Every structure is written in C-alpha cells, then in structure tokens.
Amino acid sequence: NAGVTQTPKFQVLKTGQSMTLQCAQDMNHNSMYWYRQDPGMGLRLIYYSASEGTTDKGEVPNGYNVSRLNKREFSLRLESAAPSQTSVYFCASSELTTGRNEQYFGPGTRLTVT
Amino acid sequence: GEDVEQSLFLSVREGDSSVINCTYTDSSSTYLYWYKQEPGAGLQLLTYIFSNMDMKQDQRLTVLLNKKDKHLSLRIADTQTGDSAIYFCAEIPDSSYKLIFGSGTRLLVRP
Numbered sequence: 288n289a290g291v292t293q294t295p296k297f298q299v300l301k302t303g304q305s306m307t308l309q310c311a312q313d314m315n316h317n318s319m320y321w322y323r324q325d326p327g328m329g330l331r332l333i334y335y336s337a338s339e340g341t342t343d344k345g346e347v348p349n350g351y352n353v354s355r356l357n358k359r360e361f362s363l364r365l366e367s368a369a370p371s372q373t374s375v376y377f378c379a380s381s382e383l384t385t386g387r388n389e390q391y392f393g394p395g396t397r398l399t400v401t
Numbered sequence: 012g013e014d015v016e017q018s019l020f021l022s023v024r025e026g027d028s029s030v031i032n033c034t035y036t037d038s039s040s041t042y043l044y045w046y047k048q049e050p051g052a053g054l055q056l057l058t059y060i061f062s063n064m065d066m067k068q069d070q071r072l073t074v075l076l077n078k079k080d081k082h083l084s085l086r087i088a089d090t091q092t093g094d095s096a097i098y099f100c101a102e103i104p105d106s107s108y109k110l111i112f113g114s115g116t117r118l119l120v121r122p
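Chains P and Z, in that order, are what the protein sequence lines are.
Start counting the first sequence at 288; every next residue gets the next number (this note's numbering).
Start counting the second sequence at 12; every next residue gets the next number (this note's numbering).
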C-alpha cells in the first residue's frame, strides 16, 4: 500500500518554464489537496478537490492550475514559473472533506526556480 | 480570524518528557491534529482530538485540550532521538474543508 505518491521528488526550473507535479493516491479517498511549505510559514493550501470532477481554490492559488484527472490522481501545473514559487510542494488526500478530515501526505516535491 | 501559533524550537534530553504547545483562535474548531515531519519527508499524522474531549492518550503521546483558553499541547513521554522532528498542530473549523496549520515546532532530542 503506497499511500500518496508524488513525482518528481526534485525539480529545478528557469523562470518562465512550465511543469506539472503529479500526485496519486491508492486509498480510494474522495478528497485531494495541494499545499506548499515555506520556511517558518507552515503549510498553505493552494487548491483542493473535494471529489472527482471538482476543484476549488485554497489560500494561495495564484500562478497555479490543477486537474483532478480521476479519483486517484490530482496534478498541479505551473504555467510560467517564478522564483517566488520555489518551495516544497505536498499533495494530500482524505476520505472526507469535512468533519474528521484526516489528511495523509505524500513525500513532497522540492522545486527551485532560478 | 483563523490562526494557529506554536513556539519555534524545543530542546530536551533523551528520556525526558517533551511538551509542545499550540494556541488557536477559531472556537468552532471540531478536530485538532498533531502531525510529525521528519527531515526530507512528508507530514505524518500522529494523533487527533475531538473538541469535546479534554485529553487523549496514545502510548507515549498525551494530547491535552483547553477549549476555554484555545490551547492544545502534545506531551511525549520518554523522548527518544527518533522523536527529533518538526511537529505541527492543525485545526479544522466546523464544516470546513481547510486544515489550518501552525508554523511548526522543531524538537531536538539530545543524547
């Protein structure tokens, strides 16, 4: 049981380049999330998908797009990367969106934009 | 507003107890969580407490909740070097999808 997997683990981009971060979960969870983690700031929610076919903005959505490809997969796209997007990105999933929303996290993608 | 605060750093000797504190502002929070992050890894859910509970014990972990003061603590008994990590508390306001995280407390366990 792999849980939540993310690819790639590391990425370096030049300003203006685009890329897609991939996330998949094998726990049959309904909800999936993308967070970014910056030093001293905890985790901030970028986008989430409460269920297959729906996506909504979180706290810091600017500069990102998402796709809930199916129940298992939720991707995050940077269309034109900026140095401010240098961060560690975590994907998470949970069975429910509200109530006891226990979220399970992937190992993260470390992105550097030069 | 929604805000979760934690102290940044805690250092303890191996075998001592560690207490990590957290304060939150949203009185409607129904569940509060503790997550552990080891270096280079994702967040691992350690434990949670429902808002109508005062205390929850799980092996070496004890969670205390003071709703009146909006204060949450995590006590780790017999702290080991493997407990060295960053610990995040998080809350979910009632009927919300959003986990609100504190900025994390870095626990260093000295041999």
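Just so you know, the hints here were simulated from the structure itself, not pulled from any lab data.
What you are looking at is a predicted structure, and each value in this text was computed from that prediction instead of being measured.
Incorrect hints may have been included.
What the hints assert, rightly or not - The calculated SDA-like cross-link candidates involving lysine to any residue, where the alpha carbons are at most 25 angstroms apart (straight line), are:
1) Z/Lys81 - Z/Glu25
2) Z/Lys81 - Z/Lys109
3) P/Lys301 - P/Ser362
4) Z/Lys109 - P/Gln304
5) Z/Lys47 - P/Gly290
6) Z/Lys47 - P/Lys301
7) Z/Lys109 - P/Glu339
8) P/Lys296 - Z/Lys81
9) Z/Lys79 - Z/Ser95
10) Z/Lys109 - P/Thr401
11) Z/Lys109 - P/Lys301
12) P/Lys344 - Z/Arg117
Unchecked claim - Listing some non-contacts, in silico: residues in chain P with all C-beta distances to chain Z over 10 angstroms:
13) Gly327
14) Asn352
15) Asn357
16) Arg359
17) Arg364
18) Ser367
19) Glu382
20) Arg387
21) Glu389
22) Gln390
As the list claims (entries may be wrong) - Examples of chain P residues toward chain Z, derived with CB under 7 angstroms:
23) Pro295
24) Phe297
25) Pro326
26) Leu330
27) Pro370
28) Asn388
29) Gly395
30) Leu398
From the three backbone atoms N, C-alpha and C, an ideal C-beta is built for every residue, glycine too.
Return the numbers of the hints above that this structure violates; sort them in rising order. 1, 4, 6, 8, 9, 10, 11, 12, 13, 20, 21, 22, 23, 24, 25, 27, 30
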